[in-house]
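Sequences are here, hints too, so could you generate the full structure?
Protein chains in written order, with the numbering used here: chain A, 1 to 137; chain B, 1001 to 1308.
Just so you know, these hints were derived from the structure itself, not from any lab. Incorrect hints may have been included.
Said to hold, decoys possible - In the DSSO-like style, the derived pairs of lysine-lysine whose C-alpha atoms are separated by at most 27 Å in a straight line are:
1. B:LYS1294 / A:LYS52
2. B:LYS1230 / A:LYS60
3. A:LYS60 / A:LYS96
4. B:LYS1030 / B:LYS1178
5. B:LYS1292 / A:LYS52
6. B:LYS1178 / B:LYS1230
7. B:LYS1294 / B:LYS1230
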Amino acid sequence: MPLSILLPLVVFGIAGIVLLIRLMRPTPPLVFTDEDHARTIWDHRNHDALSKEIILNSAKTHALIETASGPGLLWSFGVDPVTRLLDHPFDLKDIKTGLRIVTHDFTAPNIDIPLPEATSRNRWTAILERPRLEGPL
Amino acid sequence: MTANLTYPDIVNYAVPGFIVAILIELLWIKWQGRGGRYETQDALTSLLMGAGNVASGILLGFIAWGFFTWIWQFRLFDLGTSIWIVGICFVLDDLRYYWVHRFGHRVRWVWASHVNHHSSQHYNLTTALRQTWTGTFTMMMIVRAPLLLLGFHPAMLLFVGGLNLIYQFWIHTEAIDKLPRWVEAIMNTPSHHRVHHGRNAQYLDANYAGVFIIWDRMFGTFVPEMDDEKVEYGLVQNLGTFNPLRVAFHEWIGLFRDVFRPGLTLKHRLLYAVAPPGWSHDGSRDTSETIKAKHLDRHPEHRGQPGL
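Structure, rendered in structure tokens:
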């Protein structure tokens, strides 16, 4: 097939499909209904680092998980969950909307956590910085 | 007699069909309220990976083609171009696909290329198009050498390989449940391939087939879709990015970081490249074997089930 046909076909095909999905919104974005919901998802995916305490942000899109192996993060990634045990060095940055974890992990480089309330932000910061100050929990 | 043999580039001709089928599946899911899930960014990533795969074929295809035509000069026979030969070529090439695909899951160097196809947590027709950009670098083109030496023409091999790829498109769906028993016995189906995309311990390293599931049954890698074990799609550790560049190259970067980390023996460096995914010199990571073993520790009642 000549490129003059293939290229527009691919470009308009992708654009059309994406537009249709956007308009139809067939699956809503994932939110964690409560701590137990977050715990179920985390524990199912992290048998070697089961959850102890769980803190949800107010938007219920991110959960800070305390485990025997250190802190972990569960977050809503589109309509699905993703988890990371934060057992490698990471950087923590204040951003306008909350906190940013810079993981140095090529598969999840920056995780932005909406934390509009100062109290929540301080609490998350204290827990996330704890392992580096005191060693593993 | 086959010096100037050419076949149509059928994968490109199938592109309009792919687009129409995706639209039909999307509308079906919306209408029925079941049969799969779609998410805008995930689908966009899959489609861009598909477009990138076509582009990499255009840019790098000459390498494989050059290799095939070089091997072809050493052929033992010239099997010609009859419809029977094309049919036999299709079946044997599917066997070739089974082994390349199995290597793709059991050899990290090949997994680095194939992993992106499994990186979506969704299973719909766009997932089928989430294809590699780096297949040429795996050198798996070598596995076609026996067929070339037997006398199947390079153009015929690419043609049947394209047919194989097109067949596999429609099985990436949750909208089709199980098919009649005789179909499930012989052919790769949506049900069998859902298992292949599962991250469940039971479903890891199963159902490598392209078109005919008989290869998995023959070589002991077949696992049926179980009613009491819903398939969870994606990777053992799922990606936290929709960026196609990260999807395409993340495992290559991980592999080279491991190979060149300080303090390893030469053997360890080699094994980080070619051992099964998850292998580590200090045993700190999980392979599919350790994942299955840990699952059985938690659920001893599952011992003896297919895939465990």
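Do the hints match the structure? See the list:
1. B:LYS1294 / A:LYS52: holds (21 Å)
2. B:LYS1230 / A:LYS60: Holds, at about 26 Å.
3. A:LYS60 / A:LYS96: holds (18 Å)
4. B:LYS1030 / B:LYS1178: Answer holds: LYS1030 (chain B) to LYS1178 (chain B) is near 21 Å, not above 27 Å.
5. B:LYS1292 / A:LYS52: holds (25 Å)
6. B:LYS1178 / B:LYS1230: holds (14 Å)
7. B:LYS1294 / B:LYS1230: holds (19 Å)
In summary, the structure agrees with every hint in the numbered list given earlier.
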